[in-house]
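Since the structure of chain D is already known, use the hints to place chains Y, V and B on it.
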Amino acid sequence: MSETQKVSASDNKKKDAGGTTILFFLIGVAISLALGWIIFPKLLYSKKSQPIDFSHVVHSEAVGDCDSCHFFREDGTFSGAPTLAECIDCHEEAQGDTEDERIFVEEYVAQNKEVPWLIYSEQPDSVFFSHAAHVKKAKMSCESCHGEIGTSDALPIYEENRITGYSRNIWGKNIAGIKKHTWDRMKMNDCGECHEEEIGDKGSCFQCHK
Amino acid sequence: MSKGSKHKDKKFGMVIDLDKCTGCGACMVACMSENNVPFKENESNKLDSITWMRVYKLENGKSFPDADICFLPRPCMHCEGDHGHAPCVSVCPAIATDYDHKTGIVSQIYTRCFGCRYCMAACPYHARYFNWWDPVWPEGMEKLLNPNVSPRMRGVVEKCSFCHHRYQLALDKAYADGRDKIEEDEYQTACTQACPANAIIFGDLDNKKHAVYSLKKNPNTFRLLERLGTNPKVYYHSSREWVRRAGDNYLKHETTKA
Amino acid sequence: MKIDRRSFLSLGAGATAGLAFSPLPWKLMDDSSIWTQNWPWVPVPTDGEASYVDTVCSLCPGGCGITIRKIDDRVVKAEKKDSDNANSGICILGLSSPQLLYSPSRIKTPLKKIEGKWVKISVKEAVAEIAEKLKDLRKDKLSHTLACISGSSSGTVPALFERFLKAYGSPNFITVPSVKDVYKLVFSLSLGSPYVPVFDIANSDFVVSFGTGLLDGWGNPAQAFKAHSILKDNKKKLIQIEARLSNTAAKADKWIPIKPGTEGVLALGMANIIIEKRLYLNKNILFDSVTEGFEEFKALVAKDYSVKAVAEITGVKQEDITALVEDFMKAQSPVALFGRGEGTIPGSLHEMMAVNFLNALAGNFNKAGGVHLLSDNSYINWTEPILDDTAYYGINKKRLDGAGDGKYFLAKHLLNRLPEVLNSSETSPINMLFVTDSNPFYTMADTKLVREAFEKIPFIVSFSSYMDETASMADIILPNHFFLERYQDVVATCGLKPAVGLSKPVVNPIFDTIHSGDAVIFIAKALGGTIAESFAWDDYKACLDETLEAKKDIMDKELFWVDESGVFNAFADAESSGKFEFINDKIRQTKPYTFVEAEGEKKQYPLTLIRFDSMRIASGYTANSPFMTKTVADTVIKENDIFVEINPKTAAEYNLTDGSKALLTTPKGKAQVRVHLYEGIMQGIISMPSGLGHSGYDNYLAGKGININELIGQIEDPASGFDAAWGIRAVLVRV
Amino acid sequence: MDSALIPKGVKRCSLGRFSLWMIALTAILLWGVIAMLLCWFKGLNQTNMNDAYGFALWIWADLAVIALGGGAFFTGFLKYIVGKDELKNIINYAVVIGVVCYVSALLILAIDVGQPLRSWFIFWHANVHSMLTEVAFCLSCYLVVLIIEFLPLLFENPKLDRKPFFHHLSHNMHEIMAIFAATGAFLSFFHQGSLGGVSGVLFGRPFAFREGLFIWPWTFFLFTWSAAACGPCFTILITRITEKIAKKKLVKDNVIDLLAKISGWMLGTYIIAKIFDTWYWAAYTLPKQGFSLIDFYSNNPFYGIWILIVEIFVCGIIPAVILISSKGRKNKRLFMTAIILAVIGVCINRWVMVMQTMAAPVMTFEDWFMYYPSWQEVATTILPVAFGAIFISFAYRYLPIFPQESELNPID
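Residue numbers (this note's numbering), protein chains in the order written: chain D, 418 to 627; chain Y, 111 to 368; chain V, 992 to 1726; chain B, 2 to 413.
Just chain D, same shape as in the assembly (with noise of 0.2 Å):
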């Protein structure tokens, strides 16, 4: 008789003890999704302006395609973000009267000095990227990869990885990685599952990096 109640009285105990350790248990797995999902990604990335605001609408339609400053060189290679060279055919007078024009003008044109833009496809040194294989011989948009940069009126908030110095673009936005469209993520294997999907094979290690 004693055994029994001792028995039950302990398994009532137990049931009530199983209780809260499953509330403390989900609290904890509350805890971790949280900090893992909503606050790390903030922690984890540095938010950076651009030196002066850009607009790629008013310049595509005042010069023409992306090709207009965004050009490939003789020998092949691609110049990426345009160097003051390129602007200041323009801009040697301030276009207009925008706080960002007058800084532009007076702070790098004037002083020629290049504008340190932070570039949000920027993959790490060991990477070759052959804007030529892809522009020129596949015949791919620019938007493909780069999305709609080009239609902007202004320029996004540059987000740094702390850790690594990548931009967020190379990761993509969502922190789970997940990706809509091509241009959401610019990791090895996104550019391995476009390969796979168009040329059969995600090519060899050196056809990419050098």
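If you're looking for bench data, these hints aren't it; they were derived computationally from the structure.
You may find that some hints are simply not true.
As the list claims (entries may be wrong) - Facing chain V, a subset of chain Y residues (Cβ under 8 Å, in silico):
no. : residue
1   : K130
2   : E144
3   : E151
4   : N152
5   : W247
As the list claims (entries may be wrong) - Restricting the straight-line Cα-Cα distance to at most 16 Å, the calculated cross-link-like pairs of lysine to aspartate or glutamate (EDC-like) are:
no. : chain 1 : residue 1 : chain 2 : residue 2
6   : D       : K554      : Y       : D290
7   : Y       : K156      : B       : D368
8   : V       : K1061     : Y       : E252
9   : Y       : K283      : D       : D492
10  : B       : K289      : Y       : D358
11  : Y       : K118      : Y       : E293
12  : Y       : K167      : B       : D368
A virtual CB, placed ideally from N, CA and C, is assigned to each residue, including glycine.
Below, chains Y, V and B alone, put in the same frame as chain D:
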């Protein structure tokens, strides 16, 4: 891979004329300069001195005045092994080194390598080098760095790439010009280009029109350690029998392969 | 609900489980390895537009056309110029030029030594101070006590220095001599004009080299290598006669070891056989009407240079000598090379004459595969400088080195005599010394003697780009631009013709340096008077443009201007007798044939130390880049120890094993070395590389090995007065 | 003070004495930890390894320690699969030693790689053709198995055992231990072999290269075999050392004898296979590549033919004969000699397969490469030894490892 596409593949290789090589070391410096190879204050310990291209000094073992020496430049052999089964490629646990069937080049990806050095143990040519130290360029000298080759960090293995970045650049130029293919002379390694004696010939070993194709068939042409089955893509040429014999291991009674 | 320890445990467990399902650990793991792939302390090369700029390399006298690869405004690489004409080529030193440009041992601004310490000054201050000192000397009628050591004798910059000394009033412009000076004497004596020989190796079918380092840095190394490769392609022969199995000997079809210093004897012995067997007759050459002194020469060699005697002296077997003669004379276009090693030490005049007689007997002058003679026509046609009384007084003083006078009548400059002259007088006969494009304190033999002499000089101005040994002894340094930063004319040879190349600035000067040409012009202007008048150019660039005139357009396009007229055409054109002269009065005056022996007592110093030159070690004014030093074998340098090569049999006699440490003593000095057993060297001979043991420069070079010049003394060639030392007696003791 | 933690029915030394012993071991451990930190923060330039010796002391230590830890899988295999039930009296200790060995191996590997933060690439970017990948996977999996095998033992600690959860868990785990043991044995057979494959597949290194079956070189099988033979010897050796230190008998002789006998037969058959392998290598494999046997045992200051004789004869045949004969096993001194020789033998084998492989020149114009480890390498190699001693000390003190202990040493 279909036969058609296989036919398009290239197999880059080298023939080095040891009769012409003077051991001047220009290829070594050209290579280091091209490939951002680091340098230390003391490089006299050759077991801790990164030289993708290393010129060995061979001796015939005879006494004065019959002594003879020969210089032998040794880049990475870019072994094909058996169908790309190079000694190093098959052992790398993380696919940091692979055999590219389109070019025949054995790659090394420094950012993938985690420094286990198994490939170094596997390579009988000592063509692989480990970054025992952080690379340091004295102030001002980092200006020399070639942007087409990524500098290596401490703790990874590196080796000769047949200046693969030059192939990438040549292709870029071709694409920009609306071509699909490059000419043989558009892609040459830094050592080939620099050799003052023109002792190095580089090209597609399968291209019957190229000098390397006929040179590799010369009876005085040999490869290093062929008997191991490494199937290297670097050929050597020497008119001296003792040099050819030094290229591989032979039992006493065996004759040198012709 | 009771919160106990268990609750916390389960909170922890939940948190752990939750974390596993959040991106945190995985992204951290990924990012931490990506961090290792982009360690901030590993430099990332900045990308930019690639461009290629052609220029002429002036790091050695070769003067190759090279291409510099640039990324935006930085130099990343030197490459062979992609063309067959215009002297294109590159060697290990040229390939090193980007490293030398950005070298930490570059002098970054003009410096002045105050109480033993370097203080930065401006170019203006430096020029003013030098001018002030020069004015004082002039006031005291001591203008002739200004001396200048110039690394080169050709081109506008040395010419500006020479002009400056003249206008200022000093005869003491001294150039650093090389084998080229003796080459000129050889032809001065036998053809009456100081022709510079160019050996047409590529087209020869039998090349005999008397110790010439064809593949060890001699002449224009890139062209020599190319020529050698053509020899190999054509399956033609190269014979190397040398005591040591050098790289050239190793590549030769036959290596004939010879007792060092007896090469001239062998050549005369060979001449004797040729004459005796009348092998020269079928050579369709210079004899009878076109030679002089032949009979006398014939008698001389017949008397003293029988094959037996020669074999004894040289250590070369009789049958080897006769076989060599036969092959040489049987060849269609044989050529005999002379000048030892890379040719930094001028060497014995008689030895070179002796070898050149073989060329004469083979009748190969100006023939394909033979010796081509170029006249040293200068393209610098400036008006004479204006001399005032002081200058006139000064330049008529005797040259300190005695060149051109008495027993030194043949030589124009004798740098090697300078230390002795300085040391033999109580006070220094030089009050101010300019040192340009040279590092005499390092490159001259017998460092101890040189130091003593240099320390006596009250004021030294260095124009060096590097903190080399001489610059560190200077009082003021006006550092020159590196050649990739400056314009300069470079005298070279294109094919078989004389040429002038143009070095062009590839980048803007990266430091606060000044072109030495500008420096001279500015100093002259600061001095005023006739001196300033003699330097009417605004700056060096103006001077160069004026000098080169129309040639400059050609040079801009093709780097080189080739002097089609500078070739010796026919013997009838020769300035004196128009004949090749085996013996004449001038030659007799040099007392033929005396060959130089090594200094030192055989008893006390049973071994003979010789130097060897290596492509991988620069031994002249330009020193090794870090990359070059990296290529040096561990049998040459290990840590800071230098190795001395020794035959294993000799080593056994001295109880030395491979790698063992030993004390090397010569009549000139002592050094701790290690030994490297080498079968490629004669017994009783030991050898050591030149170009090591720097005390200046950076940590990539300084302190490695021994400077062989500390161990070898100079030996005046009795015929010319130039340094002709090829070695010294020595002893090795195990320590 | 810690009496509550000490298993029932056994006696342990005083806590003070135990602490002294621990302090001594911890000091050694710390020395190793300092060296380890130096290697991690300053890089592998702290070692004497070089471009010719990319694999050196550490890889040897890894191979040796895993071979010695082979006692765990083979004893487990014998007990659970073959059904040698007596071995239950030593299996616990074999598992403890196994855990120590495998943790040590992974620790050394973590120091040995040039980029420790990237070491997970071996799993994520695995190259299935690489023996090292196989090693890494099997090693990690097997360590997990070993820990699972070890856990019930841990839960048997009196303090933990009082908690019903652990008590039941431990009980249930015991029930299914055979499955883990079988898994472990399979993984072990495989990775011991893979470790043999590591050097055996190096066809650019004639000293190491062996022909074999399918993708597996003969060394694959030889390594497994030798680990099975010598691992238990190491278990016995450590047991004997523990007994010596504890000054009491912990395992009955018949158990040791059985294990030793099986080891003897394993060693005997292994050595025959090894001799056959060496002969085939010398007579057929090497000549095809232009080498003769003596090329690898001459022209250098250390590796003479003696090392082959010591490995095969002194540390192979002799201990095998002793362990196989019951007379040999009965003679205490002879028995211990045999056990020690067998342990040394397998270490020598792993040594030559790593070190001599690196040392022997392959290109005719190269010379032998000689190497000696730096103090950092030595310290980091001793680090796991100290760790092992600490771990075993704790395990012995607080866990009922030896089921026969209380019976053999009744407390009055």
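Structure-based check of all given hints:
1. K130: Holds: closest Cβ of chain V sits about 5 Å from K130 (chain Y), inside 8 Å.
2. E144: holds, 6 Å
3. E151: holds, 5 Å
4. N152: Hint holds; N152 (chain Y) Cβ to chain V Cβ min 6 Å, cut 8 Å.
5. W247: This interface hint holds because 6 Å falls under the 8 Å limit.
6. D:K554 with Y:D290: holds, 8 Å
7. Y:K156 with B:D368: holds, 13 Å
8. V:K1061 with Y:E252: Since the Cα atoms of K1061 (chain V) and E252 (chain Y) sit roughly 14 Å apart, the hinted pair holds (cutoff 16 Å).
9. Y:K283 with D:D492: Roughly 5 Å separates the two Cα atoms, so the pair holds.
10. B:K289 with Y:D358: OK: K289 (chain B) and D358 (chain Y) at ~12 Å, within 16 Å.
11. Y:K118 with Y:E293: holds, 13 Å
12. Y:K167 with B:D368: holds, 12 Å
Checked against the numbered hints given earlier, this structure breaks none of them.
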